[in-house]
Amino acid sequence: MMLKSTTRHVHIYTAVVANNELVPSEDKLTLDIDPDNEFNWSDDAIKAVYAEFDRLVDAAAGEDLTDYNLRRIGSDLEHFIRQLLQQGAISYNLKSRALNYSMGLPRVEADKSAS
Numbered sequence: 001m002m003l004k005s006t007t008r009h010v011h012i013y014t015a016v017v018a019n020n021e022l023v024p025s026e027d028k029l030t031l032d033i034d035p036d037n038e039f040n041w042s043d044d045a046i047k048a049v050y051a052e053f054d055r056l057v058d059a060a061a062g063e064d065l066t067d068y069n070l071r072r073i074g075s076d077l078e079h080f081i082r083q084l085l086q087q088g089a090i091s092y093n094l095k096s097r098a099l100n101y102s103m104g105l106p107r108v109e110a111d112k113s114a115s
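Using full-length UniProt numbering, you'd call the opening residue of the sequence shown number 1 and step up by one each time.
Wrong hints could be hidden among the right ones.
Estimated spans, in silico, between C-beta atoms of each pair [claimed, not checked]:
{"hint": "1", "residue 1": "79", "residue 2": "35", "range": "12 to 20 Å"}
{"hint": "2", "residue 1": "72", "residue 2": "102", "range": "16 to 24 Å"}
{"hint": "3", "residue 1": "16", "residue 2": "37", "range": "29 to 37 Å"}
In silico BS3-like pairs for lysine-lysine, Cα to Cα no more than 30 Å straight-line [to be verified]:
{"hint": "4", "residue 1": "95", "residue 2": "47"}
{"hint": "5", "residue 1": "95", "residue 2": "4"}
{"hint": "6", "residue 1": "28", "residue 2": "95"}
{"hint": "7", "residue 1": "28", "residue 2": "47"}
{"hint": "8", "residue 1": "4", "residue 2": "28"}
In case anyone wonders, no lab produced these hints; they're calculated from the structure.
Fair warning: this is a prediction, and the values are worked out from it, not measured in the lab.
In this text, a Cβ means the ideal position worked out from N, Cα and C, and glycines have one as well.
Construct the entire structure; sequences and hints are all you get.
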């Protein structure tokens, strides 16, 4: 049976991708980052999320693979993505189909030359 944890920006499945389909797995996890394309991502930011995912999975090694543990990893990744947004490593995709600013309103820098 495939377990999953879905948050707004992170989907985690106990599965592997084969022929563009999820195939349940008892010992592998698949991560889908920002499925609604709410953010603009650089390669470095994507790598940072995958590295944090790997760190969280390694930290949970030896624990049972449960809904709760998957949700905890997903929640921690949501917080990590919020940090990336606050640091300016990612930004909102203004062409996204749903502009809801789920991680907070975007920061706008005042034009200092206009004073």
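(request) Any hints from earlier that this structure breaks? Give me their numbers in increasing order, please. (result) Violated hints: 3, 6; rest satisfied.
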